[in-house]
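Engineer: So the protein lines, in turn, are chains A and B. Each residue of the first sequence is one higher than the last, beginning at 1 in this note's numbering. Each residue of the second sequence is one higher than the last, beginning at 1001 in this note's numbering.
Hints listed in this document are in silico derivations from the structure and should not be mistaken for laboratory results. Among the clues, some could well be false.
If the Cβ cut is set under 7 angstroms, some of the chain B residues that face chain A in the computed set are [claimed, not checked]: (1) L1032; (2) N1039; (3) P1040; (4) V1042; (5) R1044.
Simulated coverage check for chain A against chain B, where a stretch passes if three residues somewhere in it have a Cβ under 8 angstroms from a Cβ of chain B [stated by the list, open to error]: (6) 61-67; (7) 80-87; (8) 102-109.
Computed spacing ranges between beta-carbons, pair by pair [to be verified]: (9) B:L1094 / A:T130: 50 to 56 angstroms; (10) A:M107 / B:M1070: 33 to 39 angstroms; (11) A:F92 / B:E1173: 35 to 41 angstroms; (12) B:R1018 / A:F161: 33 to 39 angstroms.
Given the structure is predicted, the values throughout are model-derived calculations rather than measurements. Backbone N, C-alpha and C define an ideal beta-carbon position, used for all residues, glycine too.
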Amino acid sequence: MADTLTLPLILRMLGFTLLGFVAISMEIAPLGLTANAMPSPDILFCLTAYCALRRPEAVPMLLVFALGLSRDLLTDAPPGAGALTLVLAAVFLMEARGWFIHRPFWMEWLCVTIIFAATLAVQWLLLAATFARPAVAQDLAWLLIITAGSYVFVALLLRVFLQVGYADEKTRLGSQS
Amino acid sequence: MRTSGDLSERGLNRTINRVLLGLIVVISLVLLILWRMDNPRVERLRMVLADALLPSMSWTNAPIDVGSNMLRDYENFLEVYEQNRQLRREIQRLQAWRETARQLEEENAQLRALNKVRLAPRTTFVTGDIVADSGGPFLQSALVNVGRLDGVRDGSAAVDGNGVVGRVVGVGERATRLLLLTDFSSRLPVVIQPSGRRAILAGDGTSAPMIQFLESEEQVRPGNLVETSGDGGVFPPNLPVGRLVTTNRKDWRVILSADFSRLEFVRLIRYEPDTQIDQPGGLIVDGADQSALETGVPTGAEE
Chain A
1 MADTLTLPLI
11 LRMLGFTLLG
21 FVAISMEIAP
31 LGLTANAMPS
41 PDILFCLTAY
51 CALRRPEAVP
61 MLLVFALGLS
71 RDLLTDAPPG
81 AGALTLVLAA
91 VFLMEARGWF
101 IHRPFWMEWL
111 CVTIIFAATL
121 AVQWLLLAAT
131 FARPAVAQDL
141 AWLLIITAGS
151 YVFVALLLRV
161 FLQVGYADEK
171 TRLGSQS
Chain B
1001 MRTSGDLSER
1011 GLNRTINRVL
1021 LGLIVVISLV
1031 LLILWRMDNP
1041 RVERLRMVLA
1051 DALLPSMSWT
1061 NAPIDVGSNM
1071 LRDYENFLEV
1081 YEQNRQLRRE
1091 IQRLQAWRET
1101 ARQLEEENAQ
1111 LRALNKVRLA
1121 PRTTFVTGDI
1131 VADSGGPFLQ
1141 SALVNVGRLD
1151 GVRDGSAAVD
1161 GNGVVGRVVG
1171 VGERATRLLL
1181 LTDFSSRLPV
1191 VIQPSGRRAI
1201 LAGDGTSAPM
1211 IQFLESEEQV
1221 RPGNLVETSG
1231 DGGVFPPNLP
1241 VGRLVTTNRK
1251 DWRVILSADF
1261 SRLEFVRLIR
1271 YEPDTQIDQP
1281 GGLIVDGADQ
1291 SALETGVPTG
1301 AEE
């Protein structure tokens, strides 16, 4: 919201939307319909977290909410719960991005995993508070592990193929100091 | 050096962001509450979105399908020796059964002729491709690429080649949402054969759903066939569901016949149960005859 809408910014937002849509498509691909199948990784969360830290201007709150809600509706998840926690995680990461810029990637990975665990806990609490059946803890644990693993791949793909990184920020911060 | 204009702009943006966040929180909670209240608008919203995004989903699924098919073919190749042995044993067993089945068929035909058994209600089906699954830990459901335009109705049974898979819980124009039998909220009236005991099959998130409200455990044995009972008139009766097993905790479970690991296509059954005439309101007669029907006196008897 802070920046005026310029063509490059619009293109970045479109790029994020497109990638978000691809992430949702991958999550809902019918790969495992058995009851004991592994849950799909939350690729949309990985994408949002990575972009919120590196391209916060391309990740506006409403867009994140729209993508999160679309995912909730398409995956039959409790509508609103996933979208809300995704927005809260993105806002938190955007606020804290100054701290992340000069930290090593493993620390970012750890923090993003903790934040994802917090989003799962909030969803669990929301369901429990509305007397809905919360997901089984074992399934949530698998989701956390798989998503944490996927974050590395998402980060690698975005860094190597789409050149989404901190490079500009570090240069700018370096010249200011 | 930041000017006061920059600072006030930042402050304004911060305020806008906070208002937006508050709005998002409110909308999310309202949606969640509506969903918990089983408000039909939420289901309609799901199906509208599925209708809109289904064509693009099919496009993105194509490469994933190719990959998963390659993996499946490789697995099949590895299993082929064991499968061959199993098939030989199965053929031997089936040869014995074939003769029994032929005899039973003859006997059944004779009994039907004697009893004037009613013909089965009209049942048709439409086959669809599974294009999406929930993928998450919250619900076990799938999205199929046929909808209201293909004649799918809410509540219809979904089967694969072996047995019941689930039921339709949401219908869009071109998409249908299936709730799988393994989901926590799935309940299905079943009958256990050959004893004929009725029960409810309740999903609990495992691959072998539980049997609840079993009439009586008398004559019920592990390995018994579990079929749909048709109670409620939503599902047709006698669709195969699975085989009964018992666990260490003395509860009954069902190993489902449907092969969920290879589920690509499903048949959605359009079932029309028998018409039951339980009141005279449906008969087309003129007024005088109608009053005669109600009083039980024929019109000719008055003269």
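Engineer: Residue count check for the segment 102-109 of chain A against chain B: does it reach three with CB-CB under 8 angstroms?
Structural biologist: violated (count 0)
Engineer: With a cut-off of 7 angstroms on the beta carbons, see whether P1040 (chain B) makes it to chain A.
Structural biologist: Status violated, d = 13 angstroms.
Engineer: Tell me if the beta carbons of R1018 (chain B) and F161 (chain A) are separated by a distance inside 33 to 39 angstroms.
Structural biologist: 35 angstroms Cβ-Cβ, so the 33 to 39 angstroms window holds.
Engineer: Does the beta carbon distance between M107 (chain A) and M1070 (chain B) stay inside 33 to 39 angstroms, or does it fall outside?
Structural biologist: 38 angstroms, holds
Engineer: Are three or more residues of the segment 80-87 of chain A within 8 angstroms, CB to CB, of chain B?
Structural biologist: holds (count 5)
Engineer: Verify this for me: three or more residues of the segment 61-67 of chain A with a beta carbon less than 8 angstroms from a beta carbon of chain B.
Structural biologist: Since 3 is at least three, the answer is holds.
Engineer: Would the hint on V1042 (chain B) stand, with a C-beta cut-off of 7 angstroms toward chain A?
Structural biologist: 6 angstroms, holds
Engineer: Per the CB criterion, is N1039 (chain B) less than 7 angstroms away from chain A?
Structural biologist: 10 angstroms, violated
Engineer: If you take the shortest Cβ to Cβ gap from L1032 (chain B) to chain A, is it below 7 angstroms?
Structural biologist: Hint holds; L1032 (chain B) Cβ to chain A Cβ min 4 angstroms, cut 7 angstroms.
Engineer: For the range 50 to 56 angstroms, tell me whether the beta carbons of L1094 (chain B) and T130 (chain A) fit it or not.
Structural biologist: 52 angstroms, holds
Engineer: Would the hint on R1044 (chain B) stand, with a C-beta cut-off of 7 angstroms toward chain A?
Structural biologist: With Cβ-Cβ at 11 angstroms, over 7 angstroms, it is violated.
Engineer: With 35 to 41 angstroms as the target window, see if F92 (chain A) and E1173 (chain B) comply at their CB atoms.
Structural biologist: 39 angstroms Cβ-Cβ, so the 35 to 41 angstroms window holds.
The structure fails to meet hints 2, 3, 5, 8 from the earlier list, while all remaining hints are met.
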